[in-house]
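Engineer: In case you want the letters, here they are:
There are 2 protein chains.
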Amino acid sequence: MKKIGIREVAEEAQVSTATVSRVLNNRGYISKETRDKVQAAMRKLEYYPNDLARALYQKRTYTVGVIFPSNVHPFQAELIQDIEYLLSQKGYKMLLCNSLNNPQKEIDYLTMLRKNQVDGIIVGTHNKYVSGYQNSKLPIVAIDRDLGENTTTVACDNYAGGKMAVQLLIDRGCKQILDIRGDSSVKLPANDRSIAYLNLMKKNNLPKNVLEVPFVWSAAKKKETIENYLQKHPQIDGIFAGDDLLASLAIFYLEMHDKRVPEDVKVIGFDGAKQTLLYNPRLTTIRQPIGQIAQVATEKLINKINGKKETDCLDLPVSLYIGRTV
Amino acid sequence: MKKIGIREVAEEAQVSTATVSRVLNNRGYISKETRDKVQAAMRKLEYYPNDLARALYQKRTYTVGVIFPSNVHPFQAELIQDIEYLLSQKGYKMLLCNSLNNPQKEIDYLTMLRKNQVDGIIVGTHNKYVSGYQNSKLPIVAIDRDLGENTTTVACDNYAGGKMAVQLLIDRGCKQILDIRGDSSVKLPANDRSIAYLNLMKKNNLPKNVLEVPFVWSAAKKKETIENYLQKHPQIDGIFAGDDLLASLAIFYLEMHDKRVPEDVKVIGFDGAKQTLLYNPRLTTIRQPIGQIAQVATEKLINKINGKKETDCLDLPVSLYIGRTV
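Keeping their order, the protein sequence lines are chains A and B. Using the numbering used here, the letters of the first sequence map in sequence onto residues 361 to 686. Using the numbering used here, the letters of the second sequence map in sequence onto residues 361 to 686.
Treat the hints as calculated values from the structure; they're not laboratory data. A few of these clues could be false.
Since the list can't tell identical chains apart, any single copy or any two copies may satisfy a pair.
Claimed, not checked - Think about it this way: if two alpha-carbon atoms lie no more than 27 Å apart in a straight line, the pair counts; the simulated DSSO-like pairs of lysine-lysine are:
(1) Lys547 / Lys497
(2) Lys475 / Lys392
(3) Lys634 / Lys581
(4) Lys419 / Lys475
Start from the sequences and build out the full structure, keeping to the hints where you can.
Structural biologist: Written out as structure tokens, the structure reads:
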């Protein structure tokens with residue numbers, strides 16, 4: 361399709377391009393008749409001022425790249441939606457990139473975003489070994505991820521969340537508590553949850569039961585790993601899951617194998633996205649302040665775009681959502 | 361942040377801008393030494409070829425605007441993710457716009473996308489009274505929505521899906537079947553599901569029970585409406601819900617009020633997104649072929665961008681997912 365420019369509008373309205381430009385920028389004297397003629401031509405030709413040309417000239421695109429594993433995962437989906445909303449309120453638009461936990465796809469997106477002159481990037485992926493973020497001149501904010509020098513990290517207070525969840529299980533009488541956690545070899549603020557778990561086990565003289573289920577695994581592999589573990593460890597009477605999906609997979613397996621939740625096994629998740637609780641109001645979980653995380657991340661990114669220095673924010677407050685699984 | 365151009369690269373490498381341009385376009389003779397020097401300067405300055413300038417020159421941005429109500433709704437989230445993946449495979453990028461069921465936000469996005477010279481738009485919103493799509497010169501594909509002349513609609517075979525769901529409830533002995541449907545005043549292919557419901561009720565001499573719950577309502581309003589209806593109509597023994605959220609809300613209400621699902625009331629949903637079934641494997645539902653819808657919509661849009669004519673596709677095959685709620 362041929363793109364329409366001011367030349368075509370001028371021709372249609374039978375005026376000069378300078379006149380069209382004056383109407384567009386509301387500059388200089390233009391008679392009502394001429395203005396109407398130009399605007400009618402714009403409507404007829406579906407002409408819209410070219411923001412791309414403006415971006416190129418201003419060296420500012422008002423475009424932000426957002427790289428996440430998936431806009432389907434309820435926690436990330438809600439974050440992405442909140443970020444997109446906040447960006448749109450500030451006149452920015454969002455190029456969404458789902459890495460699908462594929463490191464090469466993530467690297468390709470990073471190059472694509474740079475070639476398209478985005479003003480900054482918000483990243484929430486969990487891939488190991490992706491370089492290109494460290495020491496970048498491009499403003500970058502990472503959510504739930506430490507990407508090294510010059511990037512700013514935003515996360516909830518993971519230690520407090522872990523403590524809140526595990527203490528609840530202890531208070532309800534659990535003696536064999538399982539911590540289903542993410543990949544311990546990736547530098548994630550979420551690792552603090554497991555530190556809280558380990559500290560509370562030690563303090564209460566309770567045995568440690570830890571199962572690593574990396575975030576980047578497929579749902580099928582996560583399901584199988586949890587089921588195998590629970591089959592081999594029937595003594596488990598409390599589960600602190602790394603996210604609500606892991607909690608749901610555990611609950612479903614238990615209920616299919618004649619264990620009652622919460623009577624026989626108590627389960628608590630993490631994240632508490634609105635969507636999850638709408639479909640699964642029974643699930644007890646630690647709610648992350650998703651709206652706040654999105655807001656702080658977006659603000660810090662825009663500040664960085666505007667040349668300000670920014671620091672990490674790792675203590676946004678979590679809360680307990682009481683369902684019926686603990 | 362100052363954007364780096366080939367001028368800065370040339371200066372850093374101590375060569376002419378013409379030389380940098382020859383390296384970039386791999387044109388003309390360049391000694392290995394010069395090439396290495398230029399590439400080192402690019403790396404050092406984090407210079408990336410400016411795809412924006414290329415887009416402006418070629419009048420083709422390889423950018424597609426995608427407007428949906430929400431990237432959180434599981435069905436739409438999966439569609440968006442599949443579309444984004446398919447676009448990225450074809451060298452396109454996606455500007456994601458969540459209308460949040462706000463008609464003004466949708467109109468503003470449409471203008472923003474046009475100003476940013478997107479090559480085409482995929483739209484899956486449910487707002488009434490949004491003009492600007494009809495007779496557009498810009499290639500537009502609508503999913504589950506009829507937007508008028510010149511736009512192409514893609515949807516599953518909604519009539520077959522409705523028939524499959526309602527026939528299952530009849531086969532399992534339901535006598536008082538409720539159809540929870542969307543807004544009948546919006547022109548949606550999904551309206552065919554209710555036509556299937558009405559035809560089957562007539563054919564089997566069963567009473568009609570229809571509850572309208574517009575898609576654009578808040579979750580809280582949907583919940584309240586369903587609960588009020590079920591409270592006033594305790595005779596309902598089968599529910600065909602317009603989507604899996606409506607089905608989940610009904611199931612949760614019934615179970616909280618001592619009705620067993622499926623023994624007392626059978627419930628079947630619609631959509632069957634992967635995410636929904638991962639968290640709620642018990643839910644019986646009609647699965648839409650989400651991957652196929654995304655593929656057909658993306659293909660048709662790219663064809664239209666390339667100047668080809670396209671026709672509607674309204675019969676992508678649905679399938680039955682047997683959970684434990686019917």
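Engineer: Indicate, hint by hint, whether the structure satisfies it.
Structural biologist: Evaluation of the provided hints:
Proximity of Lys547 and Lys497 under a CA criterion of 27 Å is satisfied intra-copy only: 22 Å inside one chain copy versus 49 Å between copies. Taking the shortest Cα distances, Lys475 and Lys392 sit within 27 Å of each other only across copies (24 Å), while inside one copy they are farther apart (42 Å). For the identical chains of this complex, Lys634 and Lys581 are neighbours both inside a copy (25 Å) and across copies (15 Å), given an alpha-carbon limit of 27 Å. For the homomeric pair Lys419 and Lys475, the shortest alpha-carbon distances inside one copy (13 Å) and between copies (17 Å) are both at most 27 Å.
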